[in-house]
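Build the complex from these two chains, which are given one at a time in their own frames, with help from the hints.
Sequences listed follow chains A and B, in order.
Residue numbering for the first sequence is 1 to 281, as defined by the working numbering.
Residue numbering for the second sequence is 282 to 500, as defined by the working numbering.
Mixed in with the good hints there might be a few duds.
[What the hints assert, rightly or not] Ranges of calculated distance between the beta carbons of each label pair, as one might list FRET restraints: (1) A:Arg155 - B:Gly458: 54 to 60 Å; (2) B:Ala331 - A:Ala76: 20 to 26 Å; (3) B:Trp411 - A:Glu256: 50 to 56 Å; (4) A:Glu256 - B:Gly496: 49 to 55 Å; (5) A:Arg155 - B:Ala293: 52 to 58 Å.
If you are wondering where the hints come from, they were derived from the structure by calculation, not from laboratory data.
Glycine is no exception: its CB is placed at the ideal position from the N, C-alpha and C atoms.
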Amino acid sequence: MQDAQEHPLLRVSNVSKWYGAHRVLNAVSLDVRRSEVVCIIGPSGSGKSTLLRCMNFLEEYQSGEILINGRLIGYASNVAGRRVRDSERNIDRLRRDIAMVFQQFNLWPHMSVLDNVAQPLMLVYGRPKREALARARDVLEKVGLGEKADEYPLRLSGGQQQRVGIARALAVEPKAILFDEPTSSLDPELVGEVLQVMKQLAREGMTMVIVTHEMHFAADVADRVIFLDHGVKVEEASPKELFFNPKNERTKRFLETWAERNSLFTKASAETARTARAKQQ
Amino acid sequence: MTFDYSLLIKYAPQLLEGFELTLLSWLGGSVIAVVLGFALGCGLAAGNRALVVPIRGYVEFFRGTPLLVQLFVAYYGGPNIGITLDALTVGVVGLGLYGAAYFAEIFRAGFASIPPGQIDAARSFGIPQWERIRHIIMPQMLVLVVPPAVTLLIILLKDTAVLSIVTVPELTFQVTGMTVETFAFVEPFAILAATYWAMTELVSWFGSRAEVRLGAYLR
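In isolation and in its complexed conformation, chain B is listed as follows (with noise of 0.2 Å):
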């Protein structure tokens, strides 16, 4: 069996455009994950129960149905309830609100272990609590949820993939558009998997090293 290095070069292009639209749509989707995460994880652990019950809902609806789903629902299904949204859109916003529900939990986590003593100590001297929020909680907190924010982004990332199955020209698209013309399977499917790993592997080593520096204190 050979490899045809020139099916690549042909394809370039298109690879390419593929790879941009993989890199955006995670990046998109991250970001809309970690930030509705940490809103969503806030309220979950300031446990008031008008907050906590909805939350609690949302975050076991998006957990407990495959993604898969939940992007053809509101690609194939949005039109017919009036919303009609482009490919991208549904896909960076439906990978978002995936991924949120995911990270809501991981900062609940990451709130509910901090040592309450450390925060009756604050409160003792009187400082108020967004100043306790951020220079004694989100500090530690931080340190404790880069691992799994690192995993969950891997995931994510990978989780791209599924973006074709509403249309987006990612990457995972525009090699399953190259096996049909071309009938080759070898070749676009080694590029796109080593592309991922190349990818996470590059994730993985920026969190280690988050990881090391934010928890210097602990060693």
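Next comes chain A alone, as it looks inside the complex (with noise of 0.2 Å):
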């Protein structure tokens, strides 16, 4: 118990990773405390989804070492003391802690929604078939799909199957979450649902690692924010400091970037009000 006290939860220290000579993750390190909602920025293929997939091992990397709650997921050391992988037990038995909510949902499609849900307690955990459907529907009335339980996947709306998704990820009660820009192939207007639910979970305490392009959602949930560009992580700070008061040229000229786009989009809509509003005297 007392080594639960002294590691965080999740631990990414000095990790590097390279598709052949192009190297994604540069010598990246942060630390996830429980409770603690942690948000990672950045410009599209700098990393972030790659250092997300990293922490449960969908993905090697070739030096650097990610600890769950102080244990090496992936490598293990051989009798001549070379890294290598670990057995696909032990890397199961590790995963366990951390859940994972994806862009594209991955919901499986031949399963009913309450059967998704259902379907890691009683494969994983050997739960037995009821407890595990009753747990799945309260984790489904939890993010508001208990009367869509017996629909299949494909009949809900994408606002929905991220949701199922979360749910899914909730009914194992894991550690931490892991999110994978959950609300980018997500229409406009289902967003909402999706970082609602988010929130609520957020102020629940769950402990968050999320990818994400919505600044005002990481402004308003993250205890932390990471911005990284081209594999490394140019600045980690809260979010007040990030946002308002980048130390960093690169994290300024991002941010920038996005604030022009949507001053923009700002100004464009005023305009038409005030056009519209010109018309109707």
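Here you go:
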């Protein structure tokens, strides 16, 4: 138990990853403590999703370490002391603590919504079917989809599918949930319902690591924001610091581009409103 | 022109025996083709070079040469290298090996069509590989595989006719014999065509039912 107090829930330490000669992650380090919400932002191709996928070893990396509760995931030492891929059994065991929500939802389309949520409970934790289904109903209720339990995923809207994805992650009572751009493939009017569920989770103290382009959301819920560019952690700060007083030039530029696009939008809509008013008069 | 039904009644025992053998060699060949084809398809999907190269060779050979030639070589050429098999064994196994090459491709494509994201999701929960295959890949793959598999089963059914060339006394063999003895062509070949047609219709009917039932989630 003392261990649990000492170690951060998730520790990424000096992680580097290459695709051939291309370095996608460059000595990235970060800690995630219990009940913390950490948002990772950055331009496309900056390595955000790759970093997240390394955290529960969906991706291998070449150097550095990722520790879950102080235990290295994915690698072990062989007799010669060299680092080798750990047994699938050990990897799967550590993955249990960290659930994941995906950009494309990645639900299993041939199962009902209820079965999607119950399946990991049965296959990983060996819960009896009745118990697993009851638990699945509870979490579906929590994300506001109780009445969709018996539908197939493909019949639901994107926002609903993503809420099923969140319910599926919640059902296994993970210690942390990784969100990989959870709203990026949603129609704009469906983004809100997903963010609302995530805000609720943050309030309840769920530990979350969120890769996102939703700056307002990040500013709102994050304890810390990390800006990643070209596989390098450029800046890490509280949302207030990072959004309103960024230290690094690259962070500034990134945020300015974003703000410009958004203010352009605000200006344009203000323009439309003005013309509409002028017409009325 | 008249259609002489009495001819069919006279030859009923031979036709029935032929029908039984056609059914037997089709079922036997299909079982071998599906089981072996599935194993080969898994090997192709696994992507390990040591597996893929020999399997590719197998598939290319059996798809690239006519079944007729394969059976001929096995049956008449086999004894030269010390393998003497009876006609039915050569026919059933030959049909099975031939069909397996096609099934291997069908299953490989089936595996490839499952979006990797679904597998990522299963892995992220720590669902072990075997359970992933059983609960996530197989049920979806089956749906995709049914239509081409039914077509292939129909082709194999009709290809049992080729077994007559290595003296398996199946339906086509019996009908050929009948024409030689009676010089009647219309009646024997009409019943032959009708039988194959009826059987293939039955197979495709089962196929569409399976497709509808397994693919309910897509609609």
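Hint check:
Against the hinted window of 54 to 60 Å, the Cβ-Cβ separation of Arg155 of chain A and Gly458 of chain B comes to about 58 Å, which satisfies the hint. Taken as a hint, the range 20 to 26 Å holds for the pair Ala331 of chain B and Ala76 of chain A, whose Cβ atoms sit roughly 25 Å apart. The supplied range of 50 to 56 Å is met by Trp411 of chain B and Glu256 of chain A, whose beta-carbon atoms lie about 51 Å from each other. Distance hint check for Glu256 of chain A and Gly496 of chain B: the Cβ-Cβ separation is about 50 Å, which falls inside the suggested range of 49 to 55 Å.
Evaluation of the 52 to 58 Å hint for Arg155 of chain A and Ala293 of chain B yields a pass: the beta carbon distance comes to about 54 Å.
Violated hints for the displayed structure: none, as all numbered hints are satisfied.
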